[in-house]
Amino acid sequence: MMTEQHLLPSGLPRIERVQMQGIVKRFPGVLANDRIDFDVGAGEIHALLGENGAGKSTLMKVLYGLYQPDEGQVLLDGKPIEVHSPTDSIDYGISMIHQHFMLVQNITVAENVALGLRSTREPRLDLDVVSARIRELSAKYGLQVDPQAVISKLAVGERQRVEIIKALYRGAALLILDEPTAVLTPQEVEDVFVIFRQMAAEGHALIFISHKLDEIFALTDRVTVLRDGRVVGTRLTSEVTKKELANMMVGREVSLERYRPPVEVGEARLRLHHVNAVNEDNHPILKEVSFEVRSGEIVGVAGVSGNGQKPLAECIAGLQRVQSGQLYLEGRELTNLSPAAMFKAGLSYIPEERMHDGVIKDFSVAENMILQDYIHPPFSRGIFLNFRYIAEHAQKLISDFNVKTPSRETPVKNLSGGNIQKLILARELARRPRLLIAAQPTRGVDIGATEYIHAQLLEQRGQGLATLLISEDLDEIKALSDRIIVLFNGEIMGIVDNDEVTVQELGLMMAGERRAPVI
Amino acid sequence: MTHELTLAAILLGIIHSGIRLATPYLYAAVGETFAQRSGVLNLGVEGIMLMGAFFGFLTVFRTGNLWLGLAAAAGAGVLMGLIMSVVSITFQAEQGISGIGLYMFGLGMSNLLFKSMLGTVEGVQGFSELRFCVTDSFCLADVPVLGDIFFSHSLLTYGAFLLVPLAAWVLNKTTWGLKIRSVGQNPEAADSLGVNVAGVRYAAVTLGAALAGIAGASLSISLLNIYQENMTNGMGFIAVALVYFGSWRPYGVLVGALLFSVVNALQLWVQVLNLNIPSDVAVMMPYVLTILALALPFRRQLQPAALTKPFSRGES
Numbered sequence: 001m002m003t004e005q006h007l008l009p010s011g012l013p014r015i016e017r018v019q020m021q022g023i024v025k026r027f028p029g030v031l032a033n034d035r036i037d038f039d040v041g042a043g044e045i046h047a048l049l050g051e052n053g054a055g056k057s058t059l060m061k062v063l064y065g066l067y068q069p070d071e072g073q074v075l076l077d078g079k080p081i082e083v084h085s086p087t088d089s090i091d092y093g094i095s096m097i098h099q100h101f102m103l104v105q106n107i108t109v110a111e112n113v114a115l116g117l118r119s120t121r122e123p124r125l126d127l128d129v130v131s132a133r134i135r136e137l138s139a140k141y142g143l144q145v146d147p148q149a150v151i152s153k154l155a156v157g158e159r160q161r162v163e164i165i166k167a168l169y170r171g172a173a174l175l176i177l178d179e180p181t182a183v184l185t186p187q188e189v190e191d192v193f194v195i196f197r198q199m200a201a202e203g204h205a206l207i208f209i210s211h212k213l214d215e216i217f218a219l220t221d222r223v224t225v226l227r228d229g230r231v232v233g234t235r236l237t238s239e240v241t242k243k244e245l246a247n248m249m250v251g252r253e254v255s256l257e258r259y260r261p262p263v264e265v266g267e268a269r270l271r272l273h274h275v276n277a278v279n280e281d282n283h284p285i286l287k288e289v290s291f292e293v294r295s296g297e298i299v300g301v302a303g304v305s306g307n308g309q310k311p312l313a314e315c316i317a318g319l320q321r322v323q324s325g326q327l328y329l330e331g332r333e334l335t336n337l338s339p340a341a342m343f344k345a346g347l348s349y350i351p352e353e354r355m356h357d358g359v360i361k362d363f364s365v366a367e368n369m370i371l372q373d374y375i376h377p378p379f380s381r382g383i384f385l386n387f388r389y390i391a392e393h394a395q396k397l398i399s400d401f402n403v404k405t406p407s408r409e410t411p412v413k414n415l416s417g418g419n420i421q422k423l424i425l426a427r428e429l430a431r432r433p434r435l436l437i438a439a440q441p442t443r444g445v446d447i448g449a450t451e452y453i454h455a456q457l458l459e460q461r462g463q464g465l466a467t468l469l470i471s472e473d474l475d476e477i478k479a480l481s482d483r484i485i486v487l488f489n490g491e492i493m494g495i496v497d498n499d500e501v502t503v504q505e506l507g508l509m510m511a512g513e514r515r516a517p518v519i
Numbered sequence: 001m002t003h004e005l006t007l008a009a010i011l012l013g014i015i016h017s018g019i020r021l022a023t024p025y026l027y028a029a030v031g032e033t034f035a036q037r038s039g040v041l042n043l044g045v046e047g048i049m050l051m052g053a054f055f056g057f058l059t060v061f062r063t064g065n066l067w068l069g070l071a072a073a074a075g076a077g078v079l080m081g082l083i084m085s086v087v088s089i090t091f092q093a094e095q096g097i098s099g100i101g102l103y104m105f106g107l108g109m110s111n112l113l114f115k116s117m118l119g120t121v122e123g124v125q126g127f128s129e130l131r132f133c134v135t136d137s138f139c140l141a142d143v144p145v146l147g148d149i150f151f152s153h154s155l156l157t158y159g160a161f162l163l164v165p166l167a168a169w170v171l172n173k174t175t176w177g178l179k180i181r182s183v184g185q186n187p188e189a190a191d192s193l194g195v196n197v198a199g200v201r202y203a204a205v206t207l208g209a210a211l212a213g214i215a216g217a218s219l220s221i222s223l224l225n226i227y228q229e230n231m232t233n234g235m236g237f238i239a240v241a242l243v244y245f246g247s248w249r250p251y252g253v254l255v256g257a258l259l260f261s262v263v264n265a266l267q268l269w270v271q272v273l274n275l276n277i278p279s280d281v282a283v284m285m286p287y288v289l290t291i292l293a294l295a296l297p298f299r300r301q302l303q304p305a306a307l308t309k310p311f312s313r314g315e316s
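Heads up: the protein sequence lines correspond to chains L and Z, in order. Residue 198 in the working numbering sits at position 198 of the first sequence, with consecutive numbering throughout. Residue 288 in the working numbering sits at position 288 of the second sequence, with consecutive numbering throughout.
Misleading hints may appear alongside valid ones.
Claimed, not checked - Beyond 12 Å from chain L on every Cβ pair, some chain Z residues (computed):
#1 78
#2 151
#3 162
#4 178
#5 305
What the hints assert, rightly or not - In silico lysine to any residue, SDA-like type, Cα no more than 25 Å apart, as pairs:
#6 173(Z) <-> 479(L)
#7 404(L) <-> 515(L)
#8 361(L) <-> 93(Z)
#9 309(Z) <-> 126(L)
#10 212(L) <-> 362(L)
#11 153(L) <-> 247(Z)
#12 361(L) <-> 310(Z)
#13 413(L) <-> 305(Z)
#14 173(Z) <-> 402(L)
#15 173(Z) <-> 159(L)
#16 173(Z) <-> 131(L)
#17 413(L) <-> 308(Z)
#18 173(Z) <-> 404(L)
#19 173(Z) <-> 129(L)
#20 173(Z) <-> 212(L)
#21 173(Z) <-> 328(L)
#22 309(Z) <-> 357(L)
#23 153(L) <-> 175(Z)
#24 309(Z) <-> 404(L)
#25 153(L) <-> 249(Z)
#26 153(L) <-> 122(L)
#27 361(L) <-> 328(L)
#28 344(L) <-> 328(L)
#29 173(Z) <-> 135(L)
No lab work stands behind these hints: they were computed from the structure. Remember, predicted model here, so these are calculated numbers, not experimental data. Glycine included, each C-beta is placed from N, C-alpha and C at the ideal position.
Only chain L is shown next, with the shape it has when bound in the complex:
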């Protein structure tokens, strides 16, 4: 007989404690989890912190039944359990919110929630019953969701609310959150944190995976740091500092500060003059965009995801048609030229989707280093590639830019995200560009590689490179930019001097409040 305090408000039993003991998980050539101990209790939010590839997601997939551990056991309230599939874990009251949305696009919220559950009217669906329960949960947790809405019509923040509803609907005595804030705006992050705290207060146990230190401190009670598949340590969040966690995570002293020395700003390298662009449906995506980027400065472009950042980068790179307006590189008009012509004119481009637009996954490191320049000497002679030079070039960039790869012949898909980004940075900077567009250069990249990439960008700035830095990470924009452009709905809300603007002011502009442009 269970007493009142052992039940969650939903009426389901609480999970008092889950313990993972000595978990080992091997993949071919990789020891992803090496004898990991981890535990979480009712009412607690326990952070799992580590860089990409540290083994966080693997450990949680073991707990959720998506992977089977090679060694070790999972205890639920002291009793060993076997979790062979998500069906088992859901039965035990374990839910997971994944890093990427796990939603079926073309069906409704209610259908997404009902998927995989038994209906009260088998074999028929009982979507009215499901919808009523969704409305109850929405009201209780302040999660506004319309059960009849089709997922593809929902904004990113709404989709995350659907994921939370899905978990709550299944009970979620233990809820695993795998980087749930990656795609949310600062305001949306605060909103979901309120819900997570409410769940913890009600007796749910929560595991929060992240590599964002601020979020760890804002939300969690305890934090376990993983590195290279091993536990580095577990601490009470209130008893550690940001710096200590960063050092535990990377395994050496890291600097979270960025030093941006004064630099002599030179001539205008890039100039946009009343640029307009439309998407495939003929909707405007850039409206009357005008600005300059000068030699020796980093101009940051801030904005909530999808407000024109990508079309802006692509207009300059020759990948998106400029409908009206002009684009000048070093005074020459280059509007609507091909990407090849833009590269030849001195542009380098770090694209937002690095796996999709930045590299060819199945090509080797060396081949990816020459994607633009393979056709020019010294990489080629006539119709023949100069393999000796290509190899030397790759070897030099690998060591200069500290790219961790087994060899220059390794296919790029086998490298970590941070090292792929270093490879792209190396390739783009080795071309000695006049202008660099860096779109989301450190998204999904670990702290160590981020530190390195930032240092390189600042170094190049000191040497007179003009850089347009597009980022959804406001801390990154603030740390590196000399001036900041804020985009909203494809329009410039203002161009401000970094030293004279606060994050709060930037936030307001990102939400659509206009400022008189400052040069």
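Use these hints to put chain Z onto chain L, whose structure you have.
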């Protein structure tokens, strides 16, 4: 006057045979709709139809039992569906290629079996036309116009048309239908909620193949009542095209099947009436129509996102 009567009779004939001819397309295309909604493109429908047509015919020829024949056709379909499933779901082969392989297998196997077990073209007494007789002397089938259109088809034809609302109901209103739609759209999401992706796909492909087997039998033991080598003559491929034409919806498939079979009936009459159109052009008409319909770009957007993509856990 005579001329007008002839025209009316011809029109009636076209409608009647249009409905009759829709039968195999409906079974095969609705079945293929299940497979494709689950994310598997089964191009082997033609081969499955041939096997269904053969085993349905053989069973009726040997036993005289029509229901046993229908069961044999569905059973042959199930076996073919399991082959397709093992190859394309378990072993994750390229679906377009494995489907063509299945077609070639079905074509060759049915020819071989025909030669070794029957040898010559024979006839059977298949499913006959229902006539909906109210009394001994009055049958609904004898009502002018309506009788010809609605009340003079075989049981399998009525079954084919009833299959459409049934399939729409299963896909849209049942828990199993939700699973089918989900594994065809986002198998990772379905997997994360404990849905057995491979299991759902096996079931959908095998059901579709059983229906393709019945589609073949509808030719050999209902519409034509004979078995000939390669008697489906491309119908299975048209059925796959009809699924695209119908935007992966049973009612859309119904519209496509009717349109196609009416145009087909039309071209038969064009040949019969000896109009001044080369018969090759007439025979081509339905296929030209299919190509035109498939070229409409907006239909593509409704395609199941995971169609032709094998699923395996652990790859992002």
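Quiz item: Which of the listed hints are broken here?
Solution: Of the numbered hints, 4, 5, 6, 7, 9, 10, 14, 18, 20, 21, 24, 26 and 27 do not hold.
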